[in-house]
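Asks: Sequence:
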Amino acid sequence: MRILHINTSDNGGAGKAVVRLMNGLLKNQVKNDLLVLYKYQENPHTHKFTPDINSTYKKLQFSLKYRFHQYKQKRALNNKSQNFEVFSFPESLYEIKQHPLFVKADIIHLHWVAGFVDYPSFFKDCNKHIVWTLHDLNPFGGGFHYEGDFLKNIHEYKQLDTKIRKTKQKAFSQLDKLHIVSPSQWMLQEAQNQPFLKKFQHLKIPNGINLDIYKSLDQTLARQKYKLPTDKKIILFLAENIHNKRKGFDLLRKALHQVDPEENLVLLVGSHQNVTLDFPHKKLGYINEDTKLAEVYACADVCVVPSLEDNLPNTMLESLACGVPVVAFDTGGIPDMVTPYKTGLLAPTENHQMLGKKINEILSNPQLHQTLSQNARKKAISEFSLDIQTKRYIEIYQQVLQKKVLAYQTS
0 MRILHINTSD NGGAGKAVVR LMNGLLKNQV KNDLLVLYKY QENPHTHKFT PDINSTYKKL
60 QFSLKYRFHQ YKQKRALNNK SQNFEVFSFP ESLYEIKQHP LFVKADIIHL HWVAGFVDYP
120 SFFKDCNKHI VWTLHDLNPF GGGFHYEGDF LKNIHEYKQL DTKIRKTKQK AFSQLDKLHI
180 VSPSQWMLQE AQNQPFLKKF QHLKIPNGIN LDIYKSLDQT LARQKYKLPT DKKIILFLAE
240 NIHNKRKGFD LLRKALHQVD PEENLVLLVG SHQNVTLDFP HKKLGYINED TKLAEVYACA
300 DVCVVPSLED NLPNTMLESL ACGVPVVAFD TGGIPDMVTP YKTGLLAPTE NHQMLGKKIN
360 EILSNPQLHQ TLSQNARKKA ISEFSLDIQT KRYIEIYQQV LQKKVLAYQT S
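Read in order, the letters of the sequence shown correspond to residues 0 to 410 in numbering that gives the first Met the number 0.
It is worth saying that the hints were derived from the structure and are not from the lab. Hints are supplied without guarantee of correctness; some may be wrong.
[To be verified] Distance condition first, Cα-Cα at most 30 Å in a straight line; then the derived DSBU-like pairs of lysine-lysine:
{"hint": "1", "residue 1": "224", "residue 2": "214"}
{"hint": "2", "residue 1": "15", "residue 2": "226"}
{"hint": "3", "residue 1": "390", "residue 2": "214"}
{"hint": "4", "residue 1": "197", "residue 2": "127"}
{"hint": "5", "residue 1": "231", "residue 2": "282"}
{"hint": "6", "residue 1": "123", "residue 2": "103"}
{"hint": "7", "residue 1": "47", "residue 2": "58"}
{"hint": "8", "residue 1": "165", "residue 2": "198"}
{"hint": "9", "residue 1": "15", "residue 2": "390"}
{"hint": "10", "residue 1": "47", "residue 2": "390"}
{"hint": "11", "residue 1": "123", "residue 2": "15"}
{"hint": "12", "residue 1": "157", "residue 2": "71"}
{"hint": "13", "residue 1": "64", "residue 2": "96"}
{"hint": "14", "residue 1": "73", "residue 2": "244"}
{"hint": "15", "residue 1": "244", "residue 2": "281"}
{"hint": "16", "residue 1": "58", "residue 2": "73"}
{"hint": "17", "residue 1": "165", "residue 2": "197"}
{"hint": "18", "residue 1": "15", "residue 2": "38"}
{"hint": "19", "residue 1": "26", "residue 2": "47"}
{"hint": "20", "residue 1": "167", "residue 2": "47"}
{"hint": "21", "residue 1": "26", "residue 2": "103"}
The structure displayed is predicted, hence computed values, not measured ones.
Based on the provided sequences and hints, a complete structural model is requested.
Replies: Here it is, written out as structure tokens:
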């Protein structure tokens, strides 16, 4: 059995989740590789896709096609507002099916493939078994990746978005060996509600995390290492890009008006250029290394995840595994991880006042904090370990190849 994962990049939330799964499978002696368009990490099983343009003529031909392809996409977006996180087209110039890793694979495992997989050609006459793990709504939606962006731009982008949806629906209609995996209950329901996806089998498998790395560490030692005060409560906020509106930093900023600045400190992790905060804080910048991230979680008393929409955020998995309670909005797949007064606290989406109250509630109640911390680690062990995720995918791969009815359809 040989698996080929396909993801646009080995970086970002989806990229990190894919690499973790790949490493878990390798640990279980499953042959699997990752094919990406953009490679940032050193890993012998991650391969950067390179178009077959060895001759001068092919290079020139591809260059002209690429420029025209870019021109068409820019023209489609011309004179439209750019008030969204990301917008993706279903077409690309990359002929992935000709890649040796694709040819050798028994199962193709798709992940976040926007800008990489060409829907019209990739799914046409594809004789491979395909497992697709959904990291956002884009695979079955139009050009947007989250509903909030779609609703904000529905009038201006309606015609283009409808055209993209039809292109994707036509591509899906050519498939019969597709198995759709959702990491959260929210994503599972969103996928199952799509009429053109009802003929496929749907499964729910949460992402996993290495519990030997992400675990409770000595808080005093961790704070000393990162030169943080030991006499204050620390509120942790992490995002790959703090400016990303969907991650809710602006709402956290407002929520902090209810938090005592004399007794608390905010720790910011992520790309933070020009980020301002009128509250005692320290910026650590972008951190990608797992061992360092585990140390950062050890510094915190609470992790705040004020996302407006999210699937199964890595930050929450990591925080729970480290025994750090989470305060978040009740949206998307977040309730899968945060059970109120067991592993954290939830506030109504966009209600920054309630978010602030929930932060205070945890920080001011040592008994509640201890209970949430202990339960968070237990939940990570019982539901979100990399071993559990890996074993479920191995079973699915085996069943797919044996053409059996898949398990974990709703569990």
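Asks: Against this structure, judge whether each hint is valid.
Replies: Here is how each hint holds up against the structure:
1. 224 with 214: Measuring from Cα to Cα gives roughly 17 Å; hence the hint holds.
2. 15 with 226: 27 Å, holds
3. 390 with 214: Holds. Residue 390 to residue 214 sits at ~21 Å (cutoff 30 Å).
4. 197 with 127: This hinted pair holds, its Cα atoms lying about 20 Å apart.
5. 231 with 282: Satisfied, since the Cα-Cα distance of roughly 16 Å is no more than 30 Å.
6. 123 with 103: At roughly 18 Å apart (the allowed maximum being 30 Å), residue 103 and residue 123 satisfy the hint.
7. 47 with 58: Answer holds: residue 47 to residue 58 is near 18 Å, not above 30 Å.
8. 165 with 198: 17 Å, holds
9. 15 with 390: Holds, at roughly 18 Å.
10. 47 with 390: 27 Å, holds
11. 123 with 15: 29 Å, holds
12. 157 with 71: 18 Å, holds
13. 64 with 96: 19 Å, holds
14. 73 with 244: 23 Å, holds
15. 244 with 281: 20 Å, holds
16. 58 with 73: 22 Å, holds
17. 165 with 197: 16 Å, holds
18. 15 with 38: Within the cut-off at roughly 12 Å; holds.
19. 26 with 47: Roughly 22 Å separates the two Cα atoms, so the pair holds.
20. 167 with 47: 25 Å, holds
21. 26 with 103: Holds: residue 26 and residue 103 sit about 21 Å apart, inside 30 Å.
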